[in-house]
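Asker: Each chain, letter by letter, is given below.
2 protein chains.
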Amino acid sequence: MKLVRNQGVTAPSGFRATGISAGIKVSGKPDLALVVNEGPDLAAAAVFTRNKVKAAPVLWTQQVMTTKHLRAVILNSGGANACTGPLGFQDAHATAEAVADALSDWGTETGAIEVAVCSTGLIGDRLPMDKVLGGVKDIVHEMAGGMTGGAEAAQAIMTTDTVPKQVALHHEANWTIGAMAKGAGMMAPSLATMLCVITTDAVADADALDRALRAAAGRTFDRLDIDGSCSTNDTVLLLASGASEITPTQDELDAAVLAVCDDLCAQLQADAEGVTKRVAVTVTGAATEADAVVAARVIARDSLVKTAIFGSDANWGRVLAAVGMAPVDMAADRISVSFNGTPVCIDGAGAPGARDVDLSGVDISVVVDLAVGTGEGTVRTTDLSHAYVEENSAYSS
Amino acid sequence: MKLVRNQGVTAPSGFRATGISAGIKVSGKPDLALVVNEGPDLAAAAVFTRNKVKAAPVLWTQQVMTTKHLRAVILNSGGANACTGPLGFQDAHATAEAVADALSDWGTETGAIEVAVCSTGLIGDRLPMDKVLGGVKDIVHEMAGGMTGGAEAAQAIMTTDTVPKQVALHHEANWTIGAMAKGAGMMAPSLATMLCVITTDAVADADALDRALRAAAGRTFDRLDIDGSCSTNDTVLLLASGASEITPTQDELDAAVLAVCDDLCAQLQADAEGVTKRVAVTVTGAATEADAVVAARVIARDSLVKTAIFGSDANWGRVLAAVGMAPVDMAADRISVSFNGTPVCIDGAGAPGARDVDLSGVDISVVVDLAVGTGEGTVRTTDLSHAYVEENSAYSS
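Those sequence lines, one after another, are chains A and B.
Taking numbering that gives the first Met the number 0, the leading residue of the first sequence gets 0, the next gets one more, and so forth.
Taking numbering that gives the first Met the number 0, the leading residue of the second sequence gets 0, the next gets one more, and so forth.
I should point out that these hints are in silico values taken from the structure, not numbers from a laboratory.
Predicted model, so just to flag it, every value in this text is computed and none were measured.
Wrong hints could be hidden among the right ones.
In the DSSO-like style, the derived pairs of lysine-lysine whose C-alpha atoms are separated by at most 30 Å in a straight line are [claimed, not checked]: (1) K130(B) with K51(A); (2) K130(A) with K1(A); (3) K276(A) with K276(B); (4) K51(B) with K67(B); (5) K136(A) with K67(A); (6) K130(B) with K28(B); (7) K51(B) with K1(B); (8) K276(A) with K51(B); (9) K276(B) with K130(B).
To give an idea of the chain A side of the interface with chain B (calculated C-beta under 10 Å), a few residues [unchecked claim]: (10) V52; (11) P85; (12) M128; (13) S230; (14) D270; (15) R277; (16) S302; (17) F309; (18) C344; (19) V388.
Here a beta-carbon is modelled for each residue, glycine too, at the ideal position from N, C-alpha and C.
Model the full assembly from the supplied sequences, consistent with the hints where possible.
Answerer: Encoded structure:
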């Protein structure tokens, strides 16, 4: 398996994509992306936000995904179409209809029920549907006319992202996965909305895709936690064209999808809003892996831990205070902690030189041993910086 | 009932207190406080942090409180004596012994098991016990010599607090409650450690005190949530001297203790680290009161909501996104939200003019109706500001 970052959703055979400026963003920047599966297969799987407040495009795409079948994905930035009521849902539906009509006009017979819709941006406003519907015609026209490019699509879904995120995996058995993502946070939880489209030319049915995607998301996107907030719009889609005519084993597919999701996670973490540090919180010695992830998440969300790391301050006591609130078994008087590989707390008390550990670098590793079992898990997070406060106190204005 | 803020723990009859500089803080600021109950009763109750990682003084004082009986409380700032292992526990014990010995020397026969110990400051370092034990002798000497003052005690327990917090309640039936607190956060959860000593000259047994204190803490301190972090040292003590010879009814006692705790909560909220806004998040229409508090807490902890409020930005969509992650029943398409009394979201969609609500003031009210029941509850919080990041990224250095 070989990962390449300058290729995305059009790396596998059978996919076309592009991105355009449709005028949804007032800035005039690219804001509409389209990914089309040209087959022969149209198998697909998806995971969505766990938020009870779901945006209209999520509600629409959940209906679409009951068919386990996708021809196309239309994605817009510049507006989340969330908390927009029944009219917002009609807008998402109308967008899918418009994509289906335009694709059908260009010779690819498509129904609205084959079109997933993803949106990202400010919550609470209706989308400018004249711009969206006009944009749909234009983007299908451009794509059908040969203007294909995963890079343009990846660009068009950016919001506060500073760089587009793409990756492709070329398997030695001659099949490929491609992917793009946007977001400065994650599935559940999430900072800004996370949208991700993964494509493959492998032959795989919807159930195989579903298994691979759920397993990978559970170990990657679900363990990236920038600020504990979770979007109304998070969507990850996996589409298979079968164009390579190669059928990987389930294990091969699982491993490849995991590798792609893991790489996208690292890209998302590195570009999170206001990040100055990339932090990996690993909990070991938990009763179970699930307990380890819960405890790591509690630490990763703790504002006092995150501000200390922003200040390159080896304030390990805050890690103890944070983990002590995790609803999991632990031996409080035998907990040990290390920062960047150096023990700072042993059996619940400070280690010599603990305050002097150098945290001035960008990558910070925090390892906490709960001393009750063998479960372990890692959650990725970032520091809590002035830039985070600045960016998020002025986002909607 | 009348609340007075320039009086504290020595307002009720039967209590003496003072605070001194013992040299525990390198700054030389006051760092040791003593509160003594001169009786005739020595009944007491306590609530403690729910953190599984408990500081040595908490472990000590939990043992003391099994007797439901307290002669004195010694409190230090300048060090939390948390995560200090068995030696830290010995330090807490030795401090209680020293207080007992010194009080006995001055004619008040006292055992260590009658002395509660509270500490606040940086986690992970042993206390300078020479300074602590010398300070204990000095403080008992000063207090016994007539240098009594709740104000000095309130001053000596401050850490990042910018003002001391005291309040007294004079009941029309001629009994009194006094209290002091420190902290920029709360019980569970908590920002910095919260310590609170409440005194009364009412006649009340330990069970009556326990009932009043638990009920009040559950509705006040437990519903103040600055940043979701919870200290290893949080302790609230309630001591009754019986010196007024008045026995209030349980309802009278409950109401008075609640009023005192509520006032201290408001003082703590107003002085929280880096606060520029005081925010009350009320959830109504929940299935139960407990559900309402859970949902309000999820909103109150959400970094995106808190940064938006810092920016005076009426970004109500973030409130919807936050509450959607609360593990409680809600009708997502009927949720309504108001800011400062103005509806911004009705039935899950934006209200006209929602973005223009003026949030430039210091006091912000957020009310969220989940539309499934009659349960309601309020959690107090603050915004997430640059000052918060600044203060907490440099605390231990």
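Asker: Compare the structure with each hint and give your call.
Answerer: Each hint, compared with the structure:
no. : hint                 : result
1   : K130(B) with K51(A)  : violated (55 Å)
2   : K130(A) with K1(A)   : violated (39 Å)
3   : K276(A) with K276(B) : holds (28 Å)
4   : K51(B) with K67(B)   : holds (22 Å)
5   : K136(A) with K67(A)  : holds (26 Å)
6   : K130(B) with K28(B)  : holds (13 Å)
7   : K51(B) with K1(B)    : violated (38 Å)
8   : K276(A) with K51(B)  : holds (28 Å)
9   : K276(B) with K130(B) : violated (38 Å)
10  : V52                  : holds (3 Å)
11  : P85                  : holds (8 Å)
12  : M128                 : violated (16 Å)
13  : S230                 : holds (6 Å)
14  : D270                 : violated (17 Å)
15  : R277                 : violated (17 Å)
16  : S302                 : holds (4 Å)
17  : F309                 : holds (5 Å)
18  : C344                 : holds (7 Å)
19  : V388                 : holds (5 Å)
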